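S.K.: Listed here are the chains, written in short residue letters.
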Amino acid sequence: MALFSNTATLLGKELRTEFRSRELLTTTVVFILVVLILFSFAINPTSEESREYGPGLLWLAILFAASLMLQPCFLREQGNDTLSSLRLAVDDPFAIFLAKLIANTLFLLLTELLMLPLFAAFYNIPILPKLHYLLLVLFLGSFGISVVGTALSAISAQARMRELLLPLLLLPLLTPVLVVSATVSVSLLDREPVIQWKGIAFLAVFDLVFLTALWIFGEYLLEE
Amino acid sequence: MTATTATTLSPTGLRFENIDKRYGGLLALRRVSLEIAPGECVALAGRNGSGKTTLLRVAARIVRPTAGKLSFPGAANEAATHHRPGYVGHSTMVYDELSAQENLILFAKLQNVPQPEARAEELLREVGLYERRGSLVRTFSRGMRQRIAIARALVHRPSVLLFDEPATGLDPLGIAWLAQSLGDVNRRGCTVLMSLHGESEISALATRAVRLDAGAVVGDTQTGASLRSILTFAGA
Amino acid sequence: MLKRMLLGAVAILLVIAATYGSFYVAPTERTMGLIQRIFYFHVASAWAAMDAFAVCFVCNLLYVWKRNAKFDWLAVSSAEVGLVLTTVVLITGPIWAHPVWGIWWTWDARLTSTFVLWLLYVSYLLLRTLIEEPDRKALLSSLFGIFAFLDVPLVFGAIRWWRTQHPSPVIMGGPGSGLEPTMKKVLFFFVFAMHVFALFLIVERYVLEKLKNDVDVLQREAEA
Chain A
1 MALFSNTATL LGKELRTEFR SRELLTTTVV FILVVLILFS FAINPTSEES
51 REYGPGLLWL AILFAASLML QPCFLREQGN DTLSSLRLAV DDPFAIFLAK
101 LIANTLFLLL TELLMLPLFA AFYNIPILPK LHYLLLVLFL GSFGISVVGT
151 ALSAISAQAR MRELLLPLLL LPLLTPVLVV SATVSVSLLD REPVIQWKGI
201 AFLAVFDLVF LTALWIFGEY LLEE
Chain B
225 MTATTATTLS PTGLRFENID KRYGGLLALR RVSLEIAPGE CVALAGRNGS
275 GKTTLLRVAA RIVRPTAGKL SFPGAANEAA THHRPGYVGH STMVYDELSA
325 QENLILFAKL QNVPQPEARA EELLREVGLY ERRGSLVRTF SRGMRQRIAI
375 ARALVHRPSV LLFDEPATGL DPLGIAWLAQ SLGDVNRRGC TVLMSLHGES
425 EISALATRAV RLDAGAVVGD TQTGASLRSI LTFAGA
Chain C
461 MLKRMLLGAV AILLVIAATY GSFYVAPTER TMGLIQRIFY FHVASAWAAM
511 DAFAVCFVCN LLYVWKRNAK FDWLAVSSAE VGLVLTTVVL ITGPIWAHPV
561 WGIWWTWDAR LTSTFVLWLL YVSYLLLRTL IEEPDRKALL SSLFGIFAFL
611 DVPLVFGAIR WWRTQHPSPV IMGGPGSGLE PTMKKVLFFF VFAMHVFALF
661 LIVERYVLEK LKNDVDVLQR EAEA
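Protein chains in written order, with the working numbering: chain A, 1 to 224; chain B, 225 to 460; chain C, 461 to 684.
Note that these hints are calculated values from the structure, not bench results. None of these values were measured; they are calculated from a predicted model. Ideal Cβ placement from N, Cα and C applies to all residues, glycine included. Only true hints are included.
Partial chain A-side listing against chain C, Cβ under 10 Å, derived:
| # | residue |
| --- | --- |
| 1 | A182 |
| 2 | F210 |
| 3 | L214 |
Some residues of chain B that are not near chain C, with every Cβ distance over 10 Å (derived):
| # | residue |
| --- | --- |
| 4 | T277 |
| 5 | V337 |
| 6 | A400 |
| 7 | G407 |
| 8 | T445 |
| 9 | G448 |
Generate coordinates for the entire structure from the input sequences, incorporating the hints supplied.
M.R.: Here it is, written out as C-alpha cells:
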C-alpha cells in the first residue's frame, strides 16, 4: 500500500539524517542523564525510597527530554521548505507523520535503553527481573509521547516562542502517560513485582486514540 | 488513489476559477481566473507582493485557496487532488544533510517513479550535477542548489511545471542553461507557468504573459497586450 | 442588544437566587457545617465549565470542517468562560478543604484532574496569542483544542484509577450521592443558574470577539 511504502521511504530518510549527525540522540541522552543526576541531588534517595520514586523520576526525565527532542521535528523541514516538497510528493500526508512518529519513538527508546543501566545503578533498582514488561511499558509510553509530540511540534513550529510553547502544550496533554507509566513501572520494579495489565491496556488505548486523531486531522496540521 | 506518474506526457493545462486567498484581512489573490492551455509557456509578471508566489503555490497545491477551484484540464483525471505539478519555489526544497543523489532517489521513490536510482542518475547528468552526486547539498553553491531544485521538480516527469523566479542565483551561464532546459521541457509537451521579473533569455521562451497586481489579473497578452509591456512594468 | 441585556439580568437574578438557596434553603450539613454550602457553587461551576469546554470542542470540529470564523469566535469565548469557571472550582476546593481537613490542597482525583484541565485550556489560549494570522490561529488552536478535549477523559481516568493510592479526602462524595432531597434541589437549581450565567458570559465574549474582528477588517481596509 502506498501509505506504507511512503512511510518506509520517509522513515529511512529520518533515520539516515539523524544517524549521520547524531546530534539529536546525543543531546537527548546527555539531557536525561543530567536530569536524573539532578533529581538525586534534589531528593537524596535511600534504597527504599528509590524504588518508589525512581521510576517516576525516570519518566519525568523522559518527558522533559522528549519535549526538547521533538522541537526540531518540523522545524528542520522549514529551512529549505522541504515540508512543501514532501507534501507535494506523497499522496497521503499521514505518511509524513507516521514516519516522524516512528522515528521519534525509536529515538526515545534508544535513549531510554542507553539510560536504563545508569538508572538502575543510580537508584539501586534491579531492572532485569521484569525487563521485558518494563520494555513494553517504555515502548507504549514512548509511542504515546511521540504521537502527541509529533502532532504538537507541527503546531508549535508555526507559532512564536516555539521553544517554550511545545513543552507547554505537550506536558499537560501527556499527564495520563506520566501517571500510568510511572505507576506501572513502580509496581513492576517493586520488591514483589506486579504487572498492572489495566495500566498497560490504558497506555495502548491512549496511543490508539491519538494515533487515530492524528490520522484524521493530520493533513490540517500541515495546511497553508 | 495514486497520482499519475506518466512516463509519456499527456498534455495538461491549468485552470484557475475565481481563486481567492486570504491571509487574515489581506486578500493575496482576488478572484483570479486563468486558463492555461496544454503546452503553453506562460510568464507571470508583477511587482513583489502582487501574488505571483501565492498563485504558484496554489497551483502546486501547497497553499489551499480560500475560495475557487483549481483543475488540470487534459489530464487523465482533471481533479486537482490527483495531479502533481513540478514546483520550484524560492527554497531548494531538498535536504541539506542528504547528498544530491539521495535526495533525488527519495523524491523518486515517494512519487512511485519506476527505477528511482536510474532516474536520479539520468536527472543528475541532465542538470550537470553527476560529478557531485555524492556530496551533501549543504556544500553546494547557489547555482548548484537551483539545479538540484529543478531536478527534484522534474523527477516524476510532470506535465505541468511551476517555477517561481527561476533565474534567482544563477550566473549568465546558468541562465543560458536554464533557458535551454526550460525550452526542452516545454517542447516535450510540459506546460510551464513561471514568475519573472523583467525581460531575459527566460522570458523569451514565453508564448504568453500575464500580469498580476495586488492579487488580481490586470494584463494578459492573450487579450492583446504586448509581451514587453506586461513584463517591463514588472520591475521591483 | 435588548435580548442580551435581558439574558444578563435573568442570569444574574438566577445566580443570586441560587446563592440565597444555598445559604438559606439548603439544610446545614451534619459534619461539615457552614463551609459545606460552598459545595453548591463549586459543583455547579464544575458542570458549567465542562459544558463550556464541550461547546468549545464542537466549535473546534466545526471550524476545521467549515472554516467559518464564527465557530472560532464561539470556541475562544466558551474556552475562556470555561477557564474562569474552572478557576472558580480550583479556588473553592481549597476554601472548602481548609476548614474541614486543615489542608489547602488535596490530591483528590477530581480536583487534580480539574487542575490538568485548567492547564490544557490555558495552553489553548496561550497558543492563540502566539499565532498572529487569524485563519492560522483559528485552525491550529482548533486542532489543539480537539486534542485537548480528547485527552480530558484520559486524564480523569488515569488520575482516578492510578492516583488514588493514598487515601485522600474526597471533595464531594459525588454529586447527588447521599444528598438530601432539598440539597439536591438546591444543587440542580444552582447548576441551572450557572449554565445560564455561563451562557450570558459566552454571548458577551462572542460579541466582543466579533467586534474585534470587525475593527481589524476595517483597519486593514484603511491601510490598504
